[in-house]
Amino acid sequence: MKKYLIIIIGLSITLILITGCRSKSDTSVSATTSNIQKSPEGNSTIINFLRRGDSDNDYIPDNIELILGMDPHNPDEDDDGTIDGLQTSGDYGDTFFDKQWYIRSTGVKSGSAPSSTTVEGNDLHLLNLYHRYMGLHAGVVQLIDTGIDYTHEDLKDNLDLDLSRNAKQHYRSIGSPEERQNGSYHGTMCAGIIAARAFNGKGVRGIAPFVKLAGSNWIDSNQTTTELEEAWTRGDPDGKIILVSNSWGTPSVASPNTYFEDLMEYGAKYLRKIDGIARGKLFLKAAGNGRKNKHDACLVYESSNRYVITVASLKSDNTYASYSSPGSCILVSGYGGAGNILQLAAIATTYHTGGSAKPDNIAINRDGGCLLVRQSDNQCTMPTWENDDELNYTYGMNGTSAATPTVAGVLALVLEACPKLNWRDVKYLIAKHAIKVDPDNPSWVTNSAGLHHSVDYGFGLINGEGMVADCEKKYTPLPQSDTIEENFNIDSNISIPDNNLSGISYSFDVTKELIIEWMDVTITSDHSYGSDLEIYLTSPAGTTTRLMLGKNSARNYSLKRGFRYGSVAFMGESTAGTWTLRIADIFNGDEGSLQHVKFGAFGHHRERQ
Amino acid sequence: MKIIILITIVAIFGNILYANKKKVLLIDNADIVKSRGIKISTIRNGIIAEKMVYPAKKVDLLQHTQSTSIEKPTEYLFSDGTKFNSKSHIMIKFNKGKEANIKELEQNYHLKLIRKMTSGDFLFKIIRGDTLQAINAILKEESDKIERISPNISFNMKPL
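From first to last, the protein sequence lines are chains A and B.
Be aware that the first sequence starts at 1376, since it is given in the working numbering, and climbs by one per residue.
Be aware that the second sequence starts at 6, since it is given in the working numbering, and climbs by one per residue.
So that you can see chain A by itself, here it is in the shape it has in the complex (with noise of 0.2 Å):
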């Protein structure tokens, strides 16, 4: 009796897991998908178990297919002989897909010039990704901005409106539709970028195109600090948010304002909670557009702290773009397009609808504002695709503002594999993972932890594919963090010659041992004109980074209340020994001395194997 209840147990748990399972049978798949398509987007136990797969290798994950309607064992369903995740055309197609090089580049045109010519293979890699993640299970990103169209076709369905705020009301949602139409022409491109819907028949998809996007308008506001900390820090009590992208910026100051890095910590201390704990917010920021100008990125301290990500821009041909700023603090570059947008490979993506122009409606601005209007109707615009006839697209967004969400769209991906890692392995696998483009430029360097940095790249090119392979095998989160801090006075004061190239050096023994994620040195100095100085500082494993570039774009800062200047280029080396300072005054005119220098390291303490 005993016997045949067991065999009786076992062909029933037998029968639940063949049923349970993928069916290779077309009846049960799409019996599976009538029901689901009921609840899409739900938590389907069958979807959950098929979140992981792509059976059918057409780059789109089986549950998606399913919430879709899509045959997930069919890779070309439309037997048109393009795989169904590469679609252009159809009910599936993003139409404008083998435009956005950024994705996936095969080498064409993404304007309408013929000098828009991309390089093929440079690209973010996803495909391989895209098996398995589009950013479903990713969570809510955040953008802060000007606001977004929330009713562009192809964004609609993936905003959160719950999570979004208008910053001009203090009220849950992203704006009117009049100020769609007035403030959101930036915002609604870098919202295209991260999360424009796949496979919806519509224009472009976004790098995470089913991530959760919620929005601010708080550039086209006020702009006050409260409504910054209510967006950044305290709209989403249940920590659903878990990486804000900022593409904004001053980009001609210096401001040692500390009040940014603050609610970045509350950001990394107490959101983005994974199974009730928080593993923290990412903040996202551009380094700025000011290169022409001798903008440094580290001038201002929310871009230069322990808390932040800052990105450059790269260009198709994966060289820095003409307009991103260089910078210690930079950690990794994504893609931003060039700066000639009517000639060169720029970033395509959403506009708010009806507002772009074909390229034989489209006029230089002369009067300011704006860089091109529309000829019938003189609004402000951007170029867009002959074929795009409702105008709801662009191939001419370019920046840092561009990069920022690229970046942004990819590290939802890495965190829908890897959900758990805390804010400080995200930043440190960035760093380990990302692309050494540009080889040759002299602007790199590796330290002794053989990581390579750059002014120019950070660490380089963001490398989602490398953090996922990481994190979902060997990957050991780093140490609990610490901080140092050591203080050196200088009896007599060091005069820093005027106009002289080779400058002054001072070295200075940091005796505490902390294996560096962040550092920084505030240097006190009653230099004048504290644009004037270049400074560079060496390690003691003798890696050299350049801390500030000198004669800079912020005019008059000051040095004499102690300036704090970052860096992540010597993540994982050690601070105890020898450092050495360098600073040079390389404009005439003004002059001053060295008169103190505070070390600052947070980091763990436990060499990493």
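The set of hints was computed from the structure by calculation and includes no laboratory data.
Treat the numbers as computed from the prediction; the structure is a model and nothing was measured.
A few of these clues could be false.
To be verified - Looking from chain A toward chain B, a few residues come up when the C-beta cut is under 7 Å (computed): (1) Thr1599; (2) Trp1623; (3) Val1628; (4) Ser1776.
We put the beta carbon where it would ideally sit given N, CA and C, even for glycine.
Please build the complex by placing chain B on the supplied structure of chain A, with the hints as guidance.
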């Protein structure tokens, strides 16, 4: 009784006339100050310094006084384009380990605590007086307790 009513009416008219005159004085004052700027104190790394701010244009105030009886706050502009106004909230972050007597601050500088912010700053509403003057006064007397103090600034960030 008639005398009391008469005195009351005279007092009301007197107040209205005084208030109107005060507005004009304020406008004139703002215009004069604009030409030379006003200093606002700041503190960083324990050192107090002064920055220049410039009150809003006279025309803005005139437009406002004509359209409403409520006095519009004066707007102060920094040279980098950030701004605040004379009624902006005040944010104070106190030094670690330094006890802040909130009640005393509220009483001495006509403030009302709204809440503690996630940045660690205490956010105060200004009940009476001018935000700029209050900050200057607070820093003059309480700087040893304060890590940073600022009005609720409107930044001048641009899309990149």
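Results for each hint:
1. Thr1599: holds (5 Å)
2. Trp1623: Constraint on Trp1623/A satisfied, holds at 4 Å.
3. Val1628: holds (5 Å)
4. Ser1776: holds (4 Å)
Comparing the model with each numbered hint stated earlier shows that all of them hold.
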